[in-house]
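Asker: Input sequences plus hints: build the corresponding full structure.
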Amino acid sequence: MNVYLLQVVNGVGVGMLYFLLAVGLSIIFGLLRFVNFAHGAFYLLGAYFCYQAVAWGLNFWLALLLVPLVVALLAWLAERTLLRRVYDRPHEFHILITVGVALVLQEVVILIWGPLGDNVATPAALQGVVMWGGFIYPKYRLFVIAFTAVFALLLWWLLEGTRLGSAVRAGSESAEMVSLLGINVFRVFGLVFALGAGTAALAGALAAPIRGVDPFMGLEALGVAFVIVVVGGMGSFSGALVGGLLIGIVQSVMSTLWPEGARLMIYVAMAAVLLLRPHGLLGRG
Amino acid sequence: MNASRRAYPLANLFANPGWWLALAVVLILPLTLNSGTLATEVLVYALAVLGCNLLLGYTGLLSFGQGIFFGMGSYTLGILMTRAGLGLPLSVLLALVAGALTAALVGWFAIRQRGTYFVMLTLAFAQMFYFLAYSLPDWTGGDNGLLNIPRPPLSLFGMTLMPLDSPWRFYTLVAVCFLVVFWLLQRVTASVFGRTLLAIRENETRASAVGYDTRRFKLAAFALSGAVTGLAGAFHALMTGIAPLSNIEYHTSEMILVMTVIGGTGNLFASVLGAAFYVLMSDWLSTLWPRWLLLLGLLLIGVSLFMHKGLWGLLQRGWTALRRGRAAAAAPEGAPEGER
Chain S
0 MNVYLLQVVN GVGVGMLYFL LAVGLSIIFG LLRFVNFAHG AFYLLGAYFC YQAVAWGLNF
60 WLALLLVPLV VALLAWLAER TLLRRVYDRP HEFHILITVG VALVLQEVVI LIWGPLGDNV
120 ATPAALQGVV MWGGFIYPKY RLFVIAFTAV FALLLWWLLE GTRLGSAVRA GSESAEMVSL
180 LGINVFRVFG LVFALGAGTA ALAGALAAPI RGVDPFMGLE ALGVAFVIVV VGGMGSFSGA
240 LVGGLLIGIV QSVMSTLWPE GARLMIYVAM AAVLLLRPHG LLGRG
Chain H
0 MNASRRAYPL ANLFANPGWW LALAVVLILP LTLNSGTLAT EVLVYALAVL GCNLLLGYTG
60 LLSFGQGIFF GMGSYTLGIL MTRAGLGLPL SVLLALVAGA LTAALVGWFA IRQRGTYFVM
120 LTLAFAQMFY FLAYSLPDWT GGDNGLLNIP RPPLSLFGMT LMPLDSPWRF YTLVAVCFLV
180 VFWLLQRVTA SVFGRTLLAI RENETRASAV GYDTRRFKLA AFALSGAVTG LAGAFHALMT
240 GIAPLSNIEY HTSEMILVMT VIGGTGNLFA SVLGAAFYVL MSDWLSTLWP RWLLLLGLLL
300 IGVSLFMHKG LWGLLQRGWT ALRRGRAAAA APEGAPEGER
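Protein chains in written order, with numbering that gives the first Met the number 0: chain S, 0 to 284; chain H, 0 to 339.
Everything labelled a hint here was simulated from the structure, so no lab data went into it. Treat the hints with caution; some may be incorrect.
As the list claims (entries may be wrong) - List time: in silico SDA-like cross-link candidates among lysine to any residue, alpha-carbon distance up to 25 Å: (1) H:Lys308 <-> S:Arg84; (2) S:Lys138 <-> S:Val128; (3) H:Lys308 <-> S:Tyr86; (4) H:Lys308 <-> S:Val128.
Unchecked claim - Some chain H residues well away from chain S (every beta-carbon gap over 12 Å; in silico): (5) Leu22; (6) Leu26; (7) Phe63; (8) Pro88; (9) Phe108; (10) Asn143; (11) Pro149; (12) Leu183; (13) Ala222; (14) Leu314.
All C-beta atoms, glycine included, are put in the ideal place defined by N, C-alpha and C.
Answerer: Here it is, written out as structure tokens:
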């Protein structure tokens with residue numbers, strides 16, 4: 000029983016990272032109706048920037064603050080110069096251009112850091128484990144759960160409690176109407192895109208000490224993020240949270256029951272959810 | 000009718016030049032390439048791209064799961080030939096059927112959704128089948144793939160028709176099948192069924208309001224696409240002698256889709272162009288620079304910004320410009336020639 004409890008806690012940790020990864024994709028889709036296949040590449044950049052920062056001897060905490068900002072800035076530039084031009088095209092061009100951006104970023108990562116992965120040291124303050132009676136758990140993973148929970152609250156406040164947030168939510172309903180009301184939707188698009196990429200980068204930076212870095216982690220993350228968005232419901236903040244946690248827990252618990260099939264079960268869970276609720280758990284259909 | 004005529008002026012110049020152009024490609028490849036395997040690869044991917052185009056260009060369904068059917072074809076052929084000891088024609092046929100059935104299954108789930116949701120679903124299914132293949136090493140060989148797939152001489156009912164031991168002999172078989180499939184697809188897309196698919200692409204709500212059961216049509220398009228893609232996968236396994244895990248990977252789906260869009264959608268010959276361009280370019284670039292995917296990425300960005308109709312659209316524009324130029328030269332002071 001203890002093993003399963005441990006795996007559930009593990010799953011919550013993985014799930015919170017998955018939530019961070021997916022929430023940006025979901026918001027970007029909700030507002031822009033734009034499928035961002037470069038989302039995994041921003042996660043990849045986050046992880047590698049964190050790796051580089053630690054390798055330079057930079058403080059991990061500072062890296063955690065700076066990395067998402069740098070990636071968000073890059074994403075904002077990409078949105079302004081490239082992606083914006085295809086918004087009015089059929090969605091195969093959204094996909095084509097973001098697949099192109101993802102390929103370029105992935106290959107640049109390989110050019111700079113090589114095709115092989117590496118490990119990232121856990122920050123000194125968070126090494127070791129926590130013990131409560133029979134319950135033993137790595138400190139860093141507990142930190143990830145707490146940190147992402149606080150960040151999720153902040154993000155929720157940003158979307159629900161600020162003017163930007165209300166513009167985003169209204170824009171998801173009708174971008175045309177919002178722009179008629181005098182809000183510069185294009186500026187909001189840019190900001191939201193940067194915000195989404197930044198959260199993906201944060202997920203990458205947080206995941207780096209757990210799973211290490213490798214050039215193909217972005218692709219893997221993209222698949223998982225899509226599953227979460229499909230399971231949770233598109234454009235929904237709470238959907239990303241529920242979907243992320245569900246998928247994280249399924250993966251962790253299955254990894255003790257059937258290690259080879261743990262990744263497969265994510266997708267089986269997705270198919271099951273879709274059969275019961277075609278628009279996702281919290282999606283509006 | 001008028002809209003489609005305006006969309007494909009070149010296609011209406013001759014009755015339907017697509018098949019003749021495809022035949023020309025089949026004949027030109029052996030004359031220009033030294034490697035029979037490379038030429039075969041062009042046709043194998045052309046088949047897969049035709050399948051993808053049927054969905055994207057004719058039905059408006061952007062499927063990120065074409066690798067599933069490609070991989071299914073490879074695995075089915077590999078299993079049947081190495082484990083069950085079935086003959087080549089029957090194995091290829093069953094691989095085609097397996098592709099169609101898998102596509103019908105994936106399609107049944109995926110077409111419950113439209114637009115971008117649909118795209119994400121097909122991608123998620125691509126990942127699912129990849130991990131399925133990975134978790135069943137007894138069937139698929141897991142990470143190593145299925146090895147040592149033989150290529151016996153082609154025989155029917157005990158009669159040996161043709162040895163397939165050299166790459167060019169195998170090319171001949173693939174070329175014949177490719178031309179047959181191309182011809183069939185041309186018939187299908189010109190039929191009432193094909194026209195209905197186009198109607199669904201243009202406006203699904205209206206097509207279903209007129210009374211078409213759009214779900215059934217989409218499902219049929221999926222199965223047909225899966226059959227063609229499964230056939231391509233089977234030929235790929237025969238060509239390389241292995242059915243690797245990478246055939247069912249996300250990367251294969253992405254590659255097929257990229258070829259389709261680079262060639263141009265909604266025209267069958269455009270798919271052959273896209274496949275030939277991609278296969279030959281990647282063959283050439285990958286020997287020059289291991290990071291050639293970077294260039295591919297830049298190319299994709301360029302295509303989506305500046306070349307919306309793909310290579311085929313580019314050729315069409317060139318052709319129209321040429322005709323205008325000639326018409327202007329023939330009648331310099333006359334009224335400008337009409338489009339039709």
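Asker: Does each hint fit the structure? Answer for all of them.
Answerer: So, going through the hints one by one against the coordinates:
no. : hint                  : in the structure
1   : H:Lys308 <-> S:Arg84  : 16 Å, holds
2   : S:Lys138 <-> S:Val128 : 5 Å, holds
3   : H:Lys308 <-> S:Tyr86  : 17 Å, holds
4   : H:Lys308 <-> S:Val128 : 57 Å, violated
5   : Leu22                 : 29 Å, holds
6   : Leu26                 : 31 Å, holds
7   : Phe63                 : 8 Å, violated
8   : Pro88                 : 33 Å, holds
9   : Phe108                : 6 Å, violated
10  : Asn143                : 14 Å, holds
11  : Pro149                : 29 Å, holds
12  : Leu183                : 25 Å, holds
13  : Ala222                : 19 Å, holds
14  : Leu314                : 19 Å, holds
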